[in-house]
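Novice: Residue numbers (this note's numbering), protein chains in the order written: chain B, 7 to 171; chain Y, 7 to 171; chain Z, 7 to 171.
Certain hints may be false.
When chains are identical, the list treats them as one kind, so a pair holds in a single copy or across two.
[To be verified] Straight line, CA to CA, 20 Å or less: simulated SDA-like cross-link-like pairs of lysine to any residue:
id	residue 1	residue 2
1	Lys86	Arg110
2	Lys127	Pro92
3	Lys74	Pro92
4	Lys115	Ala29
5	Lys127	Asn59
6	Lys127	Ile167
7	Lys127	Ala24
8	Lys115	Leu39
9	Lys115	Glu41
10	Lys115	Gln22
11	Lys127	Glu161
For the record, the hints were derived by calculation from the structure and aren't laboratory data.
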Amino acid sequence: MTALQRSSGAAVNRDQVAAFYDAYFDTLDEGRLEEWPNFFAADCRYRIISRENYEAGQGLCIMQADSKGMLTDRVRAILKTQVYAPRYCRRFYSGLRIAAAGEREVQVKQNVLLIQTLLDKPSEILACGAGHDRLLLSEAGELQFADRTLVLDTEMISNSIIYPA
Amino acid sequence: MTALQRSSGAAVNRDQVAAFYDAYFDTLDEGRLEEWPNFFAADCRYRIISRENYEAGQGLCIMQADSKGMLTDRVRAILKTQVYAPRYCRRFYSGLRIAAAGEREVQVKQNVLLIQTLLDKPSEILACGAGHDRLLLSEAGELQFADRTLVLDTEMISNSIIYPA
Amino acid sequence: MTALQRSSGAAVNRDQVAAFYDAYFDTLDEGRLEEWPNFFAADCRYRIISRENYEAGQGLCIMQADSKGMLTDRVRAILKTQVYAPRYCRRFYSGLRIAAAGEREVQVKQNVLLIQTLLDKPSEILACGAGHDRLLLSEAGELQFADRTLVLDTEMISNSIIYPA
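Full structure from sequences and hints, please.
Specialist: What follows is the structure, encoded as structure tokens:
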């Protein structure tokens with residue numbers, strides 16, 4: 007895993023990127039949705055898309071937001087809606103791959119397994135897929151998503167994807 | 007991930023903590039239960055608890071031991087009992103989060119996915135949840151659990167949790 | 007995790023081994039089967055075997071190849087055959103354990119969870135198990151499998167293991 011040299015001489019290394027994803031997934035796993043937009047740059051894109059559409063170059067998404075403001079709106083909508091059966095969603099990731107794309111930019115891939123638990127039901131697989139992401143390193147040395155595109159292997163999920171991942 | 011400075015100048019880093027968990031889960035995955043108590047300090051607590059009880063601050067646990075001696079007793083009981091259908095349990099973890107809590111103490115969180123396989127049956131999810139742990143660094147430089155609390159997302163499991171995790 | 011000193015003074019460290027497995031699984035997850043043999047030394051062994059047979063010391067395997075040439079043949083056979091329903095297979099791993107076995111050789115264990123998705127079906131567990139591998143470090147500093155033995159916890163899978171893992 008190549009360490010990406012910053013102009014300051016410091017590096018974005020694998021541990022830093024791993025720590026970013028660990029914090030991101032932990033925030034979502036604990037249901038602290040109101041903190042979710044903080045992981046994104048103001049100018050960003052967030053998408054959940056099926057692998058078939060993604061590989062065919064079709065833009066039809068299961069979920070999409072084109073700015074940090076839209077993420078915040080999305081969180082408000084989720085928190086207001088009470089029609090879902092109560093559930094937990096927990097995220098497992100594997101295979102963090104990091105590639106430099108510029109001095110202050112990294113491209114990151116990782117496999118994601120989403121496990122859903124309805125109260126009083128056994129835990130089950132909600133979906134699996136891979137994140138194809140672009141991260142920016144801010145002047146302050148913080149990583150943020152410029153683009154998070156979660157590509158899911160199945161299409162049989164669109165109705166039950168409630169929470170981001 | 008902040009490296010925790012020890013008085014000697016050495017550090018408890020992410021790799022050391024990961025190696026501790028890798029050895030812990032490997033020991034359990036291979037069924038070497040008699041070695042399980044060795045990962046704990048003499049004065050320790052081990053709990054498996056549902057997320058609902060944990061977040062409500064209720065103490066009712068699926069499994070609990072309040073000392074290393076009780077862990078050893080537990081192992082003896084499991085090894086003596088022959089009423090279960092033979093099965094394997096394999097543990098996957100993700101999102102190791104490390105926070106310092108003192109010079110010789112670290113707090114660690116990690117997601118855990120338990121996969122159970124009854125012989126001649128397909129593998130299936132037994133449970134998923136998160137470990138909320140407190141580790142001590144001994145004088146000899148070894149990590150040990152002072153507290154391992156495994157919080158499971160579901161309550162529909164208490165009867166089939168046989169092996170520790 | 008002990009860093010393994012190479013004669014040149016460099017080290018095979020945990021990050022390098024993790025990067026090797028990340029690239030290996032990513033290649034398979036993306037279906038680039040024709041690149042699969044490149045991860046193996048010319049003189050190699052690849053096996054998928056049930057845990058029961060493995061622990062009993064029986065050689066009967068679900069899949070076996072005894073050279074890189076046989077892996078290439080296997081890939082050709084898979085790519086030619088069109089009798090399977092289209093599906094994705096995605097690999098999650100956990101608990102990378104590394105042990106030195108010589109100056110240019112490392113032994114690596116890791117848990118593996120295989121998730122299969124038939125198009126228009128929900129994702130499901132195909133199998134879980136552990137890799138018991140031996141890797142060689144080439145003169146050029148590249149890691150390659152001398153032996154990859156994937157031990158699966160269940161035997162109820164032999165007919166549906168189509169793709170390597």
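Novice: Look at each hint and say if it fits the structure.
Specialist: Now for the hints, and whether the structure bears them out:
1. Taking the shortest alpha-carbon separations for lysine 86 and arginine 110, neither the intra-copy value of 37 Å nor the inter-copy value of 44 Å comes in at or below 20 Å.
2. Only within a single protomer do lysine 127 and proline 92 lie at most 20 Å apart by alpha-carbon distance; the minimum there is 11 Å, versus 24 Å between protomers.
3. With identical chains, the CA atoms of lysine 74 and proline 92 are never at most 20 Å apart, being 26 Å at best within one copy and 37 Å at best between copies.
4. In the homo-oligomer, the alpha carbons of lysine 115 and alanine 29 lie at most 20 Å apart both inside one protomer (16 Å) and across protomers (11 Å), since each shortest distance falls under that limit.
5. For the identical chains of this complex, lysine 127 and asparagine 59 are inter-copy neighbours only, at 16 Å across copies versus 32 Å inside a copy, given an alpha-carbon limit of 20 Å.
6. Both within a single protomer and between protomers do lysine 127 and isoleucine 167 lie at most 20 Å apart by alpha-carbon distance, with minima of 18 Å and 15 Å respectively.
7. For a Cα distance limit of 20 Å, the shortest separation of lysine 127 from alanine 24 qualifies neither inside one copy, at 31 Å, nor across copies, at 31 Å.
8. Taking the closest pair of Cα atoms, lysine 115 and leucine 39 come within 20 Å of each other only across two copies (19 Å); inside a single copy the shortest separation is 23 Å, beyond that limit.
9. When the C-alpha separation of lysine 115 and glutamate 41 is checked against a cutoff of 20 Å, the pair qualifies only between copies, where the shortest distance is 19 Å, while the shortest distance within a copy is 22 Å.
10. Taking the shortest Cα distances, lysine 115 and glutamine 22 sit within 20 Å of each other both inside one copy (15 Å) and across copies (17 Å).
11. Taking the shortest alpha-carbon separations for lysine 127 and glutamate 161, only the inter-copy value of 8 Å comes in at or below 20 Å, while the best intra-copy value is 23 Å.
When each numbered hint is compared with the structure, violations occur for hints 1, 3, 7.
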